[in-house]
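Since the structure of chain A is already known, use the hints to place chain B on it.
Okay, here's what each chain looks like letter by letter:
Protein chains: 2
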Amino acid sequence: MGRIHTPHGTIETPGFVAVGTNGTIKSLSHHEVDKIGVELMFCNTYHLILQPGPDIVELGGGLHSFIGRKMPLITDSGGFQVFSLAYGGVASELKSKGTKKNDGSVLKITEDGVLFRSYRDGSPVLLTPETSVLAQKKLGADIIIPFDELPPYHISHESLNVSLERTHRWEKRSLDAHLANPKGQAMYAVIHGGINKEFRLKSASYLGALPFDGYSVGGSVGKDKGEMFHLLSYTLEPLDPQKPRHLLGIGDLESLSTSISYGIDTFDSSYPTKAARHGMAFTFKGNVNLTKGENKTAFRPIEEDCPCSTCQGTTLAFLHHLFKAKELSALSLATIHNLTFMIRRMRRYREQILNNEL
Amino acid sequence: MGRIHTPHGTIETPGFVAVGTNGTIKSLSHHEVDKIGVELMFCNTYHLILQPGPDIVELGGGLHSFIGRKMPLITDSGGFQVFSLAYGGVASELKSKGTKKNDGSVLKITEDGVLFRSYRDGSPVLLTPETSVLAQKKLGADIIIPFDELPPYHISHESLNVSLERTHRWEKRSLDAHLANPKGQAMYAVIHGGINKEFRLKSASYLGALPFDGYSVGGSVGKDKGEMFHLLSYTLEPLDPQKPRHLLGIGDLESLSTSISYGIDTFDSSYPTKAARHGMAFTFKGNVNLTKGENKTAFRPIEEDCPCSTCQGTTLAFLHHLFKAKELSALSLATIHNLTFMIRRMRRYREQILNNEL
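Residue numbers (this note's numbering), protein chains in the order written: chain A, 252 to 609; chain B, 252 to 609.
It is possible that part of the hints are untrue.
It does not matter which identical chain is used: a pair holds within one copy or between any two.
[As the list claims (entries may be wrong)] Using 16 Å as the maximum straight-line C-alpha spacing, the simulated EDC-like pairs for lysine to aspartate or glutamate come out as follows:
1. Lys389 / Glu263
2. Lys547 / Asp306
3. Lys575 / Asp372
4. Lys547 / Glu309
5. Lys453 / Asp491
6. Lys536 / Asp503
7. Lys448 / Asp306
8. Lys448 / Glu478
9. Lys474 / Glu608
10. Lys474 / Asp491
11. Lys359 / Glu608
It should be emphasised that the hints constitute simulated quantities derived from the structure, not laboratory data.
So here's chain A without its partners, still in its complex pose (with noise of 0.2 Å):
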């Protein structure tokens, strides 16, 4: 438990941080998200580069300013997303049992970097640790990270420990080149080494080493849960316990009460977001699936001493009636709610801290 401090802010940890893709939470605008008390909010390098640009970004005073948050700012170096293209992500590889292929918008990979087909105007663009963190220079979030290599899930020893150190020699670029003009951001390393805990150790070793300001769990972090788990039991050992750790994408709760019991101190996920828009709210008794029949008729909140501005007024019944009835603000109105969630349910992990209980 502990507090990272920002030049935008303090985030209190364990923190859940809000993905906001295009420097937006989808269906919100800053004033909502401010009220819910969002500290973190993740914005996406690669989509932000493609739409609207960085020089643009930076032309309008940086991405705060562009985009009017006050609150602290975190980018990522758009290697997940360009990768994912080239793979596809573990779900889909593993549905596709390994077998899927670059979709043919990933152009080159070289020791430089990746080159690869905007998916807005057919361009090419490369993406290199050098060119990702002058991105990320001129966007100004708070955090950025370095560029690093995704490898898939399915792959040989030799092939994971080439990457490995490919990653290494990318993310010292990118740290190098950070420092070169710090601009008040930190710069959190991502662990890689898939679910091998000989490169796990290596990669928190190496990296740990480094001058980053903090650590993410990044790569694949295994194709279940157990997994995942058993690889944050060592892989957050080596690495300095003053600096804050990040865990990359993971946001079901099974998962987060775990991940803070091994020493994570925040999480980004789109899933809260994305569950709300499919109507399934979060409350401390279980999801609630506001499009169910069950709720036509339940003139109360989704949970009753919620404090967020939906339960403040709107009922399951009028919720499942706009969801029914396809209205936009059925999309806001549930995403309010899951991170209020979200928040409250971080704040009771700091007090189950607090308390021993966790």
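Coordinates of chain B only, in the frame set by chain A:
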């Protein structure tokens, strides 16, 4: 200029009535709508009958309670939508040169009312003066509308006369059903007669002699603004000047200023919210197309002196980016601005009237 008093608050006139078909302004929560200062919201009985149904709304304590809005509401009779299905709107009718036929959803039109198929589940629904008023009683809006027939724009003199007579019988039956159980609601008649002066005056005289609480101008108001303005120049003359007059479904600025000068008090239109969702922002200097490239680096609000929450902290450049990135928040941010503009525009009309400038 004046004030309309309802059980849920006062409406300043001339006033703009925002359309929230399904009990919500598209893309906004009631919290946001209240902040904007939208005094009267227009909900569509036709849609609410089909989803969630008047019985569920009644069970939930009526429309205000069901949707969680404290301010005034108006519902229509459902007639407009049902007959639009049968004949098409004026625009589609003009396009198809009057050849547009019933799409099959309207099964039967008799002296009793209209039998149509639900677009939701295909079940037959009978809408009559009495069932429409009963539904509107269950919904419980502050202002309700009698059931009327909406004849097509292309219609013979004789057929229009037959339709007008039936509409008068239907409105009288609606008024009787309403007065048998007033429930604190007000009922506005709908003046018909197409673009025929004799029929319009006949309709205004007949309905004006009945104890309606207000009047609205409905039916076909012409193929262009010229026909509509001409129609408005004589239609309101026979009416009690103390009772409010509403113009149904018109919301463009040119129509507003002219109609106000002819004595119209309120207007409902989905145009400002629909335009917003298509990236068209209203300003006192004209419309701004948010999706145009010239806004890419426009680091200023839509309108400098606009007090709306969008103009407080959101630039044209960010809105342009959100529309390009197809973000849902673009739709709500633009909607907040356009509704605020309409409220401000109506306030200026009221000031102009006070200053004898209109």
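Against the structure, the hints come out as follows:
no. : hint            : verdict
1   : Lys389 / Glu263 : neither (26 Å within a copy, 49 Å between copies)
2   : Lys547 / Asp306 : between (49 Å within a copy, 11 Å between copies)
3   : Lys575 / Asp372 : between (36 Å within a copy, 12 Å between copies)
4   : Lys547 / Glu309 : between (48 Å within a copy, 12 Å between copies)
5   : Lys453 / Asp491 : within (15 Å within a copy, 87 Å between copies)
6   : Lys536 / Asp503 : within (15 Å within a copy, 49 Å between copies)
7   : Lys448 / Asp306 : neither (41 Å within a copy, 61 Å between copies)
8   : Lys448 / Glu478 : within (11 Å within a copy, 80 Å between copies)
9   : Lys474 / Glu608 : neither (29 Å within a copy, 72 Å between copies)
10  : Lys474 / Asp491 : neither (28 Å within a copy, 75 Å between copies)
11  : Lys359 / Glu608 : neither (50 Å within a copy, 68 Å between copies)
Checked against the numbered hints above, the structure violates hints 1, 7, 9, 10, 11; every other hint is satisfied.
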